[in-house]
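Participant: Sequence:
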Amino acid sequence: MTFKSDSCTNTRIEDCYIVSGDDCVAVKSGWDEYGIAFGMPTKHLSIRRLTCISPYSAAIALGSEMSGGIEDVRAEDITAINTESAVRIKTGVGRGGYVKAIYVKGMSLHTMKWVFRITGNYGSHPDNHYDPNALPVIQNINYRDIVADNVSIAARMEGISNDPFTGICISNATIGLAAKAKKVPWICTDIKGMTSGVTPRPCDLLPDQGPEKLSACDFPTERLPIDMVELQKCSSSMNYM
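With the working numbering, the residue at position 66 of the sequence shown is 66, and numbering never jumps.
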């Protein structure tokens, strides 16, 4: 089973246990020129207290159909077990759109291939009418307070040549590598950002700012409108004659 949020505003996903052969939560907003023309982003999405098992995909995936934009996604208290990656951003040339203001806090991860995964070469298209000059904007991506064990590769984060993904921030993350982990734990190209308190040592494109920056990566304190919606509860009884 996969939860899908496509061009949605003010959505809340919480207290879910998901076993999936695909991404546990898929966040989208339209595909290539059609998503650009429709122009309806997914925004103000809250994901809390999620437990995910997905051996072949991500706990939370943003894209690859993100041409209408994805912004202000907040994920916290996430547990992933035997899952290919934690939060994955997928996009490519021709998508246009943006993924920005993504906030992740408090992840407990057990047995996975990648913790941090950003893909800038996700190349599938619905047809041949997409604009090859439509480059996506990926910026202000925040991860903090993460513990992971039995991980093959800490990160594979690949932007697009001449279109780097910027504002990537990772703080207070401890990644325990598997016994047969890859020799190079971080793979980074065409990205810009910073880290603080991250083990193992990140790639040079994400320089460590020191322990005084442990809380540097943003997580908003103001509540989303959807967080203030209270579900009504009701009860009923049946009298049998």
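Some hints here could point you the wrong way.
[Said to hold, decoys possible] Cut-off 20 Å, straight-line C-alpha distance, at most; resulting in silico cross-link-like pairs (SDA-like, lysine to any residue):
no., residue 1, residue 2
1, 183, 158
2, 43, 11
3, 213, 160
4, 100, 164
5, 113, 140
6, 213, 140
7, 43, 19
In case anyone wonders, no lab produced these hints; they're calculated from the structure.
Bear in mind that the values here come from a model prediction, so they are computed numbers and not experimental data.
Participant: Hint by hint, where does the structure go against what was stated? Just the numbers, ascending.
Facilitator: As far as the earlier hints go, 3, 5, 7 are violated by this structure, in ascending order.
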